[in-house]
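Visitor: From first to last, the protein sequence lines stand for chains A and B.
Numbering of the first sequence is given in this note's numbering, commencing with residue 1 and proceeding in unit increments.
Numbering of the second sequence is given in this note's numbering, commencing with residue 1 and proceeding in unit increments.
These are calculated hints, taken from the structure and not from any lab test.
One thing to keep in mind: the hints can contain errors.
What the hints assert, rightly or not - With a cut-off of at most 25 Å between alpha-carbon atoms, the simulated BS3-like pairs for lysine-lysine come out as follows:
(1) A:Lys2 with A:Lys67
(2) A:Lys56 with A:Lys67
(3) B:Lys13 with A:Lys2
(4) A:Lys42 with B:Lys13
(5) A:Lys56 with A:Lys70
(6) A:Lys70 with A:Lys2
Said to hold, decoys possible - FRET-style restraints, in silico, Cβ to Cβ:
(7) A:Leu11 with B:Ala80: 35 to 43 Å
(8) B:Phe60 with A:Ser40: 24 to 32 Å
(9) A:Arg41 with B:Gln18: 23 to 31 Å
(10) B:Arg22 with A:Asp66: 38 to 46 Å
As the list claims (entries may be wrong) - So, partial list: chain B residues that the calculated Cβ filter (under 10 Å) puts toward chain A:
(11) Ser33
(12) Pro43
(13) Gln44
(14) Phe47
(15) Gln56
(16) Cys91
(17) Phe105
For every residue, glycine included, the Cβ atom is placed at its ideal position computed from N, Cα and C.
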Amino acid sequence: QKEVEQDPGPLSVPEGAIVSLNCTYSNSAFQYFMWYRQYSRKGPELLMYTYSSGNKEDGRFTAQVDKSSKYISLFIRDSQPSDSATYLCAMSHMDSSYKLIFGSGTRLLVRP
Amino acid sequence: DAGVTQSPTHLIKTRGQQVTLRCSPKSGHDTVSWYQQALGQGPQFIFQYYEEEERQRGNFPDRFSGHQFPNYSSELNVNALLLGDSALYLCASSLAFHEVYEQYFGPGTRLTVT
Numbered sequence: 001q002k003e004v005e006q007d008p009g010p011l012s013v014p015e016g017a018i019v020s021l022n023c024t025y026s027n028s029a030f031q032y033f034m035w036y037r038q039y040s041r042k043g044p045e046l047l048m049y050t051y052s053s054g055n056k057e058d059g060r061f062t063a064q065v066d067k068s069s070k071y072i073s074l075f076i077r078d079s080q081p082s083d084s085a086t087y088l089c090a091m092s093h094m095d096s097s098y099k100l101i102f103g104s105g106t107r108l109l110v111r112p
Numbered sequence: 001d002a003g004v005t006q007s008p009t010h011l012i013k014t015r016g017q018q019v020t021l022r023c024s025p026k027s028g029h030d031t032v033s034w035y036q037q038a039l040g041q042g043p044q045f046i047f048q049y050y051e052e053e054e055r056q057r058g059n060f061p062d063r064f065s066g067h068q069f070p071n072y073s074s075e076l077n078v079n080a081l082l083l084g085d086s087a088l089y090l091c092a093s094s095l096a097f098h099e100v101y102e103q104y105f106g107p108g109t110r111l112t113v114t
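Excised from the complex, chain A in its bound form (with noise of 0.2 Å):
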């Protein structure tokens, strides 16, 4: 079983449509839970940040973590066509805080 599960998609939403993106995981002792988007040939960029529990809101995008129940989530209000691409969650371990473990990602289509 890996220790983060994400569903790959893809998830195909008309414009302005509110999107939900989901992770689960095995292991309690993540601390840090990231959220990156990756264009097409592109490297991961960094879209928000969470550490331990609760909510955090940084325009469009609300990322939420519930650790009791060892899932993620990001949503994108107003989504927009420049939004496809694939969006994968990471997340780390206090003792080894240098790694990162992603999802397999989760490809979105944002339609006109």
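Based on these hints, arrange chain B on the given structure of chain A.
Guide: Showing chain B alone in chain A's frame:
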């Protein structure tokens, strides 16, 4: 301010050959991590270099080795290439002892093994 750069962009090698990939970190960064991203998968941590030494290593065989130079740039070497080594190889740079999310990724080198 240049970000993380990697070379070459693309590479095609034959099974059994050896390959060297290169990474220049973001200006001011002193730590380099390497990740392997197979098609349709998330990146997997290979190892991290700081002060010219391997600081941590993921679950990769000894065929994968690295080096960091005094100017903080880094190389990833893969020996005895297998078809399964075909992937996008990503380099990420950061400052030592900063938060794990403060890593900046390069565009990657796409390696194809035939």
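Visitor: Decide, hint by hint, whether the structure agrees.
Guide: Cross-check of the supplied hints:
Restraint check for Lys2 (chain A) and Lys67 (chain A): satisfied, since their Cα atoms lie roughly 17 Å apart, inside the 25 Å limit. A hinted pair counts as satisfied when its Cα atoms are at most 25 Å apart, and Lys56 (chain A) with Lys67 (chain A) qualifies at roughly 14 Å. Proximity of Lys13 (chain B) to Lys2 (chain A) is assessed by CA-CA distance (about 30 Å); at most 25 Å being required, the pair is judged violated. About 21 Å separates the Cα atoms of Lys42 (chain A) and Lys13 (chain B), which keeps this hinted pair within 25 Å; it holds.
Under the criterion of a C-alpha separation no larger than 25 Å, the hint pairing Lys56 (chain A) with Lys70 (chain A) is consistent with the structure, at around 17 Å. With a CA separation close to 13 Å, the supplied pair Lys70 (chain A) and Lys2 (chain A) stays within the 25 Å bound. The supplied range of 35 to 43 Å is met by Leu11 (chain A) and Ala80 (chain B), whose beta-carbon atoms lie about 39 Å from each other. Checked against the hint of 24 to 32 Å, the C-beta distance between Phe60 (chain B) and Ser40 (chain A) comes to roughly 25 Å, which is consistent with it.
Evaluation of the 23 to 31 Å hint for Arg41 (chain A) and Gln18 (chain B) yields a pass: the beta carbon distance comes to about 25 Å. At roughly 41 Å, the beta carbons of Arg22 (chain B) and Asp66 (chain A) sit within the given window of 38 to 46 Å. At its closest, the beta carbon of Ser33 (chain B) sits 7 Å from a beta carbon of chain A; the interface hint therefore holds under the 10 Å criterion. Of the supplied interface hints, the one on Pro43 (chain B) holds, with its beta-carbon coming within about 5 Å of a beta-carbon of chain A, less than 10 Å.
A hinted interface residue such as Gln44 (chain B) counts as satisfied when its beta carbon comes closer than 10 Å to some beta carbon of chain A; here the least separation is about 7 Å, so the hint holds. At a threshold of 10 Å, the smallest CB-CB gap from Phe47 (chain B) to chain A is about 9 Å, leaving the interface hint in force. At a threshold of 10 Å, the smallest CB-CB gap from Gln56 (chain B) to chain A is about 5 Å, leaving the interface hint in force. This hint holds: Cys91 (chain B) has a C-beta 8 Å from the nearest C-beta of chain A, less than the 10 Å allowed.
For Phe105 (chain B), the interface hint holds, the least distance from its beta-carbon to any beta-carbon of chain A being 3 Å, beneath 10 Å.
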